[in-house]
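As they're listed, the protein sequences go chains A and B.
In terms of the UniProt record's numbering, the first sequence has 215 at position 215, counting the first letter as 1, and numbering is strictly consecutive.
In terms of the UniProt record's numbering, the second sequence has 193 at position 193, counting the first letter as 1, and numbering is strictly consecutive.
For the record, the hints were derived by calculation from the structure and aren't laboratory data.
Predicted model only: the values in this text are computed from it and were never measured.
A portion of the hints provided could be inaccurate.
Rough simulated footprint, nothing fancy, chain B against chain A, three-plus residues with beta-carbon under 8 angstroms [as the list claims (entries may be wrong)]:
#	segment
1	85-93
2	100-107
3	122-132
4	152-164
Glycine included, C-beta positions come from ideal geometry on N, C-alpha and C.
Protein chains: 2
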Amino acid sequence: MQRILYSLSGASGQHYSPHVWKIIMSLKHKGLAFDLKPVSFGDISSIEDGSYNSVPVLNDQGTLLGDSFEIAQYLETTYNDTPSLFDGDGGLHLSRFVESYCKTVLHPTLAVIAVMDMYNIMSDADRAYFRTAREKRFGKSLEDVYANRDAELATLPEKLNPVRDLLATQDWLGGEKAMHADYVLFGTLQWCNVCCADPFFAATDPVQMWFERMLDLHDGVGRKAVSEAVAA
Amino acid sequence: MQRILYSLSGASGQHYSPHVWKIIMSLKHKGLAFDLKPVSFGDISSIEDGSYNSVPVLNDQGTLLGDSFEIAQYLETTYNDTPSLFDGDGGLHLSRFVESYCKTVLHPTLAVIAVMDMYNIMSDADRAYFRTAREKRFGKSLEDVYANRDAELATLPEKLNPVRDLLATQDWLGGEKAMHADYVLFGTLQWCNVCCADPFFAATDPVQMWFERMLDLHDGVGRKAVSEAVAA
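Given the sequences, and given the hints that come with them, work out the whole structure.
Following this line, the structure appears as structure tokens:
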């Protein structure tokens with residue numbers, strides 16, 4: 001039995017799902033080896049028992065799990081002799097607040113900012129799926145969504161103000177070390193880091209300095225783009 | 001020796017400092033009795049040893065502390081046989097993120113919304129101090145600040161989206177029970193609840209439903225307005 005993490009990937013194997021990155025980092029945090037298996041949108045419905053419609057999906061030696069937060073909770077409980085992802089119940093519950101912040105404040109903006117960069121790294125089959133699904137969700141063409149990119153990008157620095165304020169007093173969301181809450185925010189920003197050419201923040205911005213520290217963690221796994229390098 | 005919490009108060013004794021409410025709730029959470037001593041802006045510089053320029057200030061049987069987060073940490077460490085405010089180190093560090101969210105996202109908006117209501121409950125001496133200090137900070141008259149009240153109020157529901165999203169899966173920020181992070185957000189909103197006539201959210205809004213649960217906690221201390229009732 002082995003451990004397999006299924007990950008949505010671009011045509012050249014780039015892992016760009018924010019939710020998968022949360023689990024890549026959490027598995028590394030706990031020192032758990034895994035195979036990272038790239039999938040396309042079209043593959044998702046046939047992962048394992050066919051019951052999943054999104055990634056990540058983790059097959060942990062026969063135990064199947066979806067939803068990144070549930071996976072993190074499972075890893076914390078199952079591998080309780082490895083470094084903690086939450087540092088106690090308070091950390092578990094408040095990590096959900098970080099998840100809610102990323103979901104409601106950052107994701108809607110990043111979904112606009114990254115829309116064409118995501119499209120451009122996909123296979124032809126995924127492009128067709130993505131265009132149909134996203135144009136339905138947005139109610140307009142990808143190109144019309146992209147027309148708002150600069151306006152959305154201009155709102156991004158202010159939306160990170162809570163993080164910037166926190167980083168004035170501690171190096172990680174988890175205090176003196178990274179924890180799952182860091183990986184939740186990292187995954188969110190890594191999504192765009194993998195897809196988009198330019199960084200969003202100045203090199204001296206505390207958010208960018210934290211992001212660079214995150215990229216250095218776990219043998220710099222966040223700086224690697226393709227499956228073999230990530231899971232190695 | 002006794003325990004004294006100094007609290008900025010209106011002319012009729014209304015406690016409206018967000019940061020003091022964080023500590024009122026945290027002391028109640030830990031079952032620690034205290035005297036609540038109302039002060040005006042003019043009184044702050046002569047609290048205890050005269051070294052403080054803001055509230056809360058806590059005199060805990062001779063130990064003096066300012067800054068609400070430092071007080072919460074002190075209470076957690078000193079009274080470690082009472083109910084926890086953080087539920088572990090992870091909860092402590094991520095409570096700071098909730099603090100940063102309140103400070104950077106909610107406070108600037110609430111400071112505009114509540115500006116005239118705060119002014120109206122103050123003593124004449126505090127009104128003069130407040131007008132000078134706030135007009136300098138805002139760079140315009142209180143009345144001109146107040147002119148933006150409706151515009152700021154319109155932004156408030158969206159700014160609570162991370163909280164609303166979290167409350168879809170758990171009753172408290174702390175999970176199955178309130179913790180310091182709940183008190184941080186509660187204090188922020190209680191500031192306006194004490195000053196302003198009308199609630200900001202519909203009765204069916206999960207944020208308002210959580211706020212009502214908070215008002216019920218600890219014998220409904222949040223529903224009480226004056227010193228004797230609060231500390232009793």
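Okay, the hints, checked on the actual structure:
no., hint, verdict
1, 85-93, "holds (count 8)"
2, 100-107, "holds (count 5)"
3, 122-132, "violated (count 0)"
4, 152-164, "holds (count 4)"
Violation of the numbered hints given earlier is confined to hint 3; every other hint is satisfied by the structure.
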